[in-house]
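Those letters in the sequence shown? Residues 4 to 366, per our numbering, in order.
In short, the hints are calculated from the structure, not lab data.
Be aware that one or more of the hints could be misleading.
For lysine to aspartate or glutamate, the following EDC-like pairs were computed, each having C-alpha atoms within a straight-line distance of at most 16 Å [what the hints assert, rightly or not]:
| # | residue 1 | residue 2 |
| --- | --- | --- |
| 1 | LYS78 | GLU111 |
| 2 | LYS13 | ASP318 |
| 3 | LYS13 | GLU322 |
| 4 | LYS231 | ASP271 |
| 5 | LYS241 | ASP271 |
| 6 | LYS231 | GLU322 |
| 7 | LYS145 | ASP162 |
| 8 | LYS298 | GLU280 |
| 9 | LYS358 | GLU111 |
| 10 | LYS360 | GLU346 |
| 11 | LYS13 | ASP271 |
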Amino acid sequence: ARASRAEFSKAYFLSHTSVETEGRAVWNHSGLGAYPGDWNRAAKELAAAGVNIILPNMAWAGVAHYPSEILPHSKTFTQYGDQIAQCVQAAHAHGLEVHVWKITWNLEGAPKEFVEKIRAEGRTQVSATGEALNWLCPSHPKNVLLELDSILEIVTNYDVDGIHLDYIRYPGSHACYCDGCRERFVRTIRKPINEWPAEVLPKTGAYGEQYTEWRVQQITRLVRLIHKRTNEVDPEIKISAAVFGWYPGCIQTIGQDWVAWAKSGYIDFVCPMNYTEDAGYFTELLTNQLALMPKGVPIYPGIGATASNSLLTPDAVVEQIYLSRNLGASGWTIFDYSVDISETLLPALTLGISKRKARPPHQ
Numbered sequence: 004a005r006a007s008r009a010e011f012s013k014a015y016f017l018s019h020t021s022v023e024t025e026g027r028a029v030w031n032h033s034g035l036g037a038y039p040g041d042w043n044r045a046a047k048e049l050a051a052a053g054v055n056i057i058l059p060n061m062a063w064a065g066v067a068h069y070p071s072e073i074l075p076h077s078k079t080f081t082q083y084g085d086q087i088a089q090c091v092q093a094a095h096a097h098g099l100e101v102h103v104w105k106i107t108w109n110l111e112g113a114p115k116e117f118v119e120k121i122r123a124e125g126r127t128q129v130s131a132t133g134e135a136l137n138w139l140c141p142s143h144p145k146n147v148l149l150e151l152d153s154i155l156e157i158v159t160n161y162d163v164d165g166i167h168l169d170y171i172r173y174p175g176s177h178a179c180y181c182d183g184c185r186e187r188f189v190r191t192i193r194k195p196i197n198e199w200p201a202e203v204l205p206k207t208g209a210y211g212e213q214y215t216e217w218r219v220q221q222i223t224r225l226v227r228l229i230h231k232r233t234n235e236v237d238p239e240i241k242i243s244a245a246v247f248g249w250y251p252g253c254i255q256t257i258g259q260d261w262v263a264w265a266k267s268g269y270i271d272f273v274c275p276m277n278y279t280e281d282a283g284y285f286t287e288l289l290t291n292q293l294a295l296m297p298k299g300v301p302i303y304p305g306i307g308a309t310a311s312n313s314l315l316t317p318d319a320v321v322e323q324i325y326l327s328r329n330l331g332a333s334g335w336t337i338f339d340y341s342v343d344i345s346e347t348l349l350p351a352l353t354l355g356i357s358k359r360k361a362r363p364p365h366q
């Protein structure tokens with residue numbers, strides 16, 4: 004039965020054709036590729052499988068896998084050296100683009116003393132119930148500068164093809180309600196707030212709607228600045244983002260209005276994280292997203308091959324790529340490139356769906 008299942012899968016993979024123009028991306032969460040210390044092996048096998056974009060996670064809000072002069076260095080950097088330099092050299096040698104995956108605001112993995120210093124300066128987020136969160140507050144000017152400077156450092160020092168933004172949002176509707184947000188929001192609306200955060204809470208607060216919109220503006224400001232400043236360094240640099248799939252719900256909850264970013268020309272392509280094992284729901288999400296996108300901004304939907312809420316067989320991944328093409332998406336993005344994906348999914352893609360090389364449409 005297993006042998007006949009394998010034969011059926013092979014026939015299914017062979018039945019799909021390759022196209023000439025398509026964004027074929029992989030996220031790499033470790034920032035080390037599939038083989039720590041050997042980016043060349045990773046780039047070679049990805050190129051052979053028809054992939055044309057690597058999105059390697061090289062920095063969070065408080066840690067970097069390269070010799071940053073702005074962010075603390077990671078254990079990955081200490082052990083394996085400059086991951087951006089190694090990745091770019093290998094990827095470009097094999098004809099792959101590198102868009103550095105930069106996690107904003109989220110302080111996960113940052114050294115304790117770095118987080119404590121930032122918190123002492125009143126720069127971390129606070130929940131509606133007063134809980135301290137390990138996230139930079141997006142309304143604090145010093146945090147905006149930290150994020151911007153760390154990204155400009157990358158595009159200035161490395162020959163990267165783009166910056167790929169992630170966590171470019173709030174953690175949820177429960178944040179941020181720090182004293183700094185209160186002060187800066189009051190300054191914006193020019194009215195006193197007596198009951199904080201009660202008066203700005205969504206749905207119940209008198210200023211709830213205004214505060215929701217103000218939160219959106221804080222996130223959009225950073226995207227706008229990244230677009231503007233990276234363009235000044237190198238107009239060829241592409242800006243993209245991993246975003247929540249359900250729109251417009253993500254505007255209210257996490258302050259992420261990614262359709263507005265696309266319409267304003269701040270991003271060059273977008274990767275909605277459509278992680279689901281349900282092909283019908285994947286279709287519903289992507290249909291909605293494609294209808295919202297302005298012309299000229301490609302969508303490379305995120306397919307959760309090995310995501311926390313979605314584990315897909317190679318057949319199911321190929322099905323979602325097929326659906327993406329048929330619905331009119333310009334490419335696809337696989338989460339998450341690892342040894343597992345290398346051994347199971349890449350051979351399946353090579354048989355048909357990405358048998359021949361393709362050019363990404365954002366070029």
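Results for each hint:
no.	hint	result
1	LYS78 - GLU111	holds (14 Å)
2	LYS13 - ASP318	holds (9 Å)
3	LYS13 - GLU322	holds (13 Å)
4	LYS231 - ASP271	holds (13 Å)
5	LYS241 - ASP271	holds (6 Å)
6	LYS231 - GLU322	violated (38 Å)
7	LYS145 - ASP162	violated (27 Å)
8	LYS298 - GLU280	violated (29 Å)
9	LYS358 - GLU111	violated (38 Å)
10	LYS360 - GLU346	violated (20 Å)
11	LYS13 - ASP271	violated (35 Å)
In summary, the numbered hints that this structure violates are 6, 7, 8, 9, 10 and 11.
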